[in-house]
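**Student:** Chains as they are written, first to last, in the working numbering: chain A, 1 to 368; chain B, 1001 to 1119.
By construction, these hints were calculated from the structure, which means they are not laboratory data. Treat each hint with caution, since some may be false.
[To be verified] Simulated DEER-style distance windows between Cβ atoms:
no., chain 1, residue 1, chain 2, residue 2, range
1, B, Phe1117, A, Ala45, 58 to 66 Å
2, A, Asp202, B, Glu1023, 31 to 39 Å
3, A, Asp202, B, Gln1028, 50 to 58 Å
[Claimed, not checked] Residues of chain B clear of chain A, computed beta-carbon distances all greater than 10 Å:
no., residue
4, Met1001
5, Asp1014
6, Leu1016
7, Glu1023
8, Gln1043
9, Asp1048
10, Val1073
11, Leu1083
12, Asp1106
13, Met1109
14, Asp1112
15, Glu1113
[What the hints assert, rightly or not] Using 25 Å as the maximum straight-line C-alpha spacing, the simulated BS3-like pairs for lysine-lysine come out as follows:
no., chain 1, residue 1, chain 2, residue 2
16, B, Lys1046, A, Lys5
17, B, Lys1046, B, Lys1096
18, B, Lys1096, B, Lys1002
19, B, Lys1115, B, Lys1046
20, A, Lys350, A, Lys368
21, B, Lys1115, A, Lys19
22, B, Lys1057, A, Lys19
23, B, Lys1096, B, Lys1115
24, A, Lys254, A, Lys368
25, B, Lys1057, A, Lys350
26, B, Lys1002, B, Lys1115
27, B, Lys1046, B, Lys1002
28, A, Lys350, B, Lys1115
29, A, Lys5, A, Lys19
Source: prediction; values computed, not measured. By construction, the Cβ of each residue, glycine as well, lies at the ideal position given by its N, Cα and C atoms.
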Amino acid sequence: MTDLKRTCLHELHLSLGAKMVPFAGYEMPVQYPMGVMGEHLHTRAQAGLFDVSHMGQVILGARGAAEALEALVPVDVQGLAEGRQRYGFFTTEAGGILDDLMIANRGDHLFLVVNAACKAEDLAHLEAHLQGVEAVMHRALLALQGPAAARALARLVPGVADMRFMDVSTFAWGDVDLWVSRSGYTGEDGFEISLPEHRAEDFARALLEMDEVAPIGLGARDSLRLEAGLCLYGHDIDTDTSPVEAGLNWAIQKVRRRGGAREGGFPGAGRILRELTDGPSRLRVGLRPEGRAPMREGVALFDAEDADTPVGAVTSGAFGPTIGAPMSMGYLPAAKAAPGTRIWGAVRGKRLPAQVVSLPFRPSTYHK
Amino acid sequence: MKFTEEHEWLRIEDDLVIVGITEHAAEQLGDVVFVELPEIETQVVKGDEISVIESVKAASDILAPVDGEIVAVNEALVDNPSLINEDPLGEGWFFKMQIADMSVLDEFMSEDEYKDFIA
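Pulled out of the complex, with its shape left as it was, chain A reads as follows (with noise of 0.2 Å):
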């Protein structure tokens, strides 16, 4: 693995028995002695700990950054209170998405996440159409999720538990600073706390000791974030989905819509908004196979069991571990999208019958 960046937490990784592969550039751990089921599964009965800091963090720290960051979102950002959390995504020209991420208003400027493998053509699109675009560089970022998440983490940090999904805040521990959103990509309540890299060891294994805790691996979080529906870019949303396609419409407030106040003004508004209206050709759908074969990502999708061609595609695909059963997302014609369709993915050479359901397959447990 020549040329991976590593994370901060490498030794770390090392010494809980990590396997490590490369992804997004650098050298992260897929899964530890537990396994992918165990550690799926340990995450929505307690809580898991996840190494995310190769995700990219941002600062927006001039006068207007919200204003001037809504010329790349469709997101109401300028109402995005102090504390709070929204999520979004920069669109292309053509109404496809660049890539999605979390916008965070921290008070005195914007604290953006965005994704490993798109953080340096994301950090280009900033600069250049934004002053005060600053990389946060030496900070780790973590991911405390489950139902023991809250628990475990206010025994570092008590004031955690009085906030509520998607406020973010910022709290002492020791003589370093943590900026904490209740947020994270498994569908459990959870947080996400990025904190200085000389401190993130010592930080993961004071919650590592803990009865509840245990680190989890890329491999499960895939499978929890895809059973709780959420999206992953390069597979799910990418250039060419837009995002009324991906069901993301919930994520573009009013303001931004046809009719608000600040209509439009962003990348590819013009199909974005039309869609919103009218209704997009093809959807993001959740679908589940009958049998227990897993419809993985580049299954092709057919409306009959012997059509010749196929109408959609599987995005993303895996077992279940909590539902105990295979699961897929992929796009299908709007037509074809309601649950209840019966739709056949060529697995293998053979057509196997999938129902299309609505998403999450397993319902979130965010602490509203």
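Got chain A; can you put chain B on it based on the hints?
**Tutor:** Okay, now just chain B, sitting in the frame of chain A:
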């Protein structure tokens, strides 16, 4: 017990050969979530992809280790694929084959040779 380079084990029981995957293979695959078994009474040729195993990570083919006829399959795996992780050399067996000449098994590795192979 004999071992193949495809990480399958073969064990002679009465006049049949029982086939499964090794502990090493099961560990590498991770948690198995789906198994597709061959049809009983199928004539297979060595190297045929006759069975599919899917773990949380990926799908893999199970190859026919020798020429012969599939005479039994482990139906318990269909509902409980985790048997392959829990007991790959026992309860996690895949299928039983009738083969014409047991001497073809001589070409495969012994347990010690297999241990060296995966080392």
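**Student:** Within a Cα-Cα threshold of 25 Å, do Lys1046 (chain B) and Lys1096 (chain B) meet the stated pairing?
**Tutor:** holds (14 Å)
**Student:** Does the Cβ distance between Phe1117 (chain B) and Ala45 (chain A) fall inside 58 to 66 Å?
**Tutor:** Violated, since Phe1117 (chain B) and Ala45 (chain A) (Cβ atoms, about 39 Å apart) do not stay within the stated range.
**Student:** Would the hint linking Lys1046 (chain B) and Lys5 (chain A) be met if the CA-CA limit is 25 Å?
**Tutor:** violated (43 Å)
**Student:** Hey, is Asp1014 (chain B) genuinely clear of chain A, shortest beta carbon separation above 10 Å?
**Tutor:** Given that every Cβ of chain A is farther than 10 Å from that of Asp1014 (chain B), nearest at about 31 Å, it holds.
**Student:** So the hint says 50 to 58 Å: do the beta-carbon atoms of Asp202 (chain A) and Gln1028 (chain B) match that?
**Tutor:** Check failed, 34 Å falls outside 50 to 58 Å.
**Student:** Just double-check Met1001 (chain B) for me: nearest Cβ-Cβ distance to chain A has to come out over 10 Å.
**Tutor:** holds (26 Å)
**Student:** Are Lys1057 (chain B) and Lys350 (chain A) close enough, with their CA atoms no more than 25 Å apart?
**Tutor:** With a Cα-Cα distance of about 21 Å, the restraint between Lys1057 (chain B) and Lys350 (chain A) holds, given a limit of 25 Å.
**Student:** Please settle this one: Leu1016 (chain B) was flagged as non-interface, so is its CB more than 10 Å from every CB on chain A?
**Tutor:** Holds, since 27 Å exceeds 10 Å.
**Student:** When you check the alpha-carbon spacing of Lys1096 (chain B) and Lys1115 (chain B), does it fall within 25 Å?
**Tutor:** holds (24 Å)
**Student:** Please verify whether Lys1002 (chain B) and Lys1115 (chain B) have alpha carbons no more than 25 Å apart.
**Tutor:** Distance ~11 Å between Lys1002 (chain B) and Lys1115 (chain B) Cα, so the pair holds.
**Student:** Is Lys1096 (chain B) within 25 Å of Lys1002 (chain B), Cα to Cα?
**Tutor:** Satisfied, since the Cα-Cα distance of roughly 14 Å is no more than 25 Å.
**Student:** Just checking, Gln1043 (chain B) versus chain A, shortest CB gap more than 10 Å?
**Tutor:** The claim stands: Gln1043 (chain B) keeps its Cβ more than 10 Å from every Cβ of chain A (closest is about 20 Å).
In summary, the structure is inconsistent with hints 1, 3, 16, 20, 28 from the numbered list given earlier, while agreeing with the others.
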